[in-house]
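Make a model of the complete structure from these sequences and hints.
So the sequence shown is numbered by my numbering: it starts at 21 and just counts up by one.
Among the hints, a few may not be true.
Claimed, not checked - DSS-like, lysine-lysine: derived pairs with alpha carbons at most 27 Å apart:
1. Lys243 <-> Lys275
2. Lys359 <-> Lys74
3. Lys275 <-> Lys346
4. Lys275 <-> Lys178
These are computed hints drawn from the structure, not numbers from a lab.
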Amino acid sequence: MKILAISHILPAAAWWSTSVVAPAAAAPLIAFDCSGGCLERKNFAIKAIVHGTKTDPFWQQVQAASQQAANDMNVNLEFQLYDTFDTSQMASDIRNHVAAAADGSGLLVTIPNADVSNAVKEAVDARIPVVGINSGASFGQQVETMGFVAPDDEQGGKLAAETLFGLQGGNITSALYINDEVGNQAMAFRYDGLQEGIGGATVEILAVDGTDSSAMEATIASKLSGCPYQAILLSGPRSLPAAVAAYEKNGCTLKDTSLGAFETSGGVYDAIGNDQLDFTIGNNHYLQGALGTIIAALAVTGGKSLAPSGADLTGAYLPGPTLIIKATLPTDTKKLCEKDAFPVCPNNKALDGTESQCDCTDRKKIKIGGVTHGITTDGFWDPLYAASAQAANDMDVELLNERFDAGDAEGSDTLSSSIYDYFIGFNLLLNSNPLYR
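Right, dumping it as structure tokens:
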């Protein structure tokens, strides 16, 4: 596999004009000792405190992605999921971590509400590196976490509204939002975006307990009696089976009552393919777990963080939203690999411990070509090349990052030739790898 990384050749302003400058937060309290020539990453640890539950496939995949990233970065990770959605327990666990935290310890968190935000603020004030994922980017901005990987949920709601409008011929007078995780700010933002996008019609809210399948089915079936809505949006995939059952029980059809959801799963993909669900808004939860953990590992081991993203008002790095319809469903191979959180060789296990139906990725076969304008005599590029080499080593991939002499870099011929060679190799890869077909 070949992938090409290119340094920016456009003027710098074209790349950085949308960046957000945030006030500098207090530096995390990290004890560094490079006297031996290197950092021993095994001495550093990340504790994940998130609102996800043990039985939710979404969070099982986030947890697996996070663990793989921790393995890649060679840091310790403690990532436990809860039995139920319990923000009071989350806040207590964060405060307990702050009280017991030692040097070289950081937090990976979701911030679903203000109570959890207050606890996270205590961790930040104690100069513990904190990185957020999934929910609560606006809270993260307020308390000054060291980074946040989360979708723009309000924009996701607007995208859902736009899609529902299209399905209903541009006219919606009755709509319903089914919230299966009341108390999570992300779900409220999804509703806000939907209501703003719908416009004149008031969107009703139906609150259900996403961990109680029987109660959800009865409640949603009762609400849909007579099929009174033109559009229904599910806050997440846990309420989908109950919604499908309610449609069947009441004789509702997608033609008359369009149905959309948030997030992806095997069940969601199957429902779209079987014409039981019109669309879903995907948020790349695997990336949330993987990138969040990598950013946390860099924050804990080096005290480094990126500037806030300019793509979102909260400064979050956006893994979504993405509209997924029947025509854009992933391949069967990719569905299997997403279900098992894209296992990396030598791990060939599914999340339940059985052998995965997705062939594990042998990263040793991946080659990344770096083509930059950094010349050998420019010291600015020395740490960049060293860092990229370390990252390639962490991910167990081959990095071909050639550095040019001043005479070569001043012209465009060498750069153009190298870029062309890698594009040819990349196109051959895409045509031969079943994961990309």
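Evaluation of the provided hints:
no., hint, in the structure
1, Lys243 <-> Lys275, "holds (18 Å)"
2, Lys359 <-> Lys74, "holds (15 Å)"
3, Lys275 <-> Lys346, "holds (15 Å)"
4, Lys275 <-> Lys178, "holds (21 Å)"
In terms of the numbered hints stated before, the structure departs from none.
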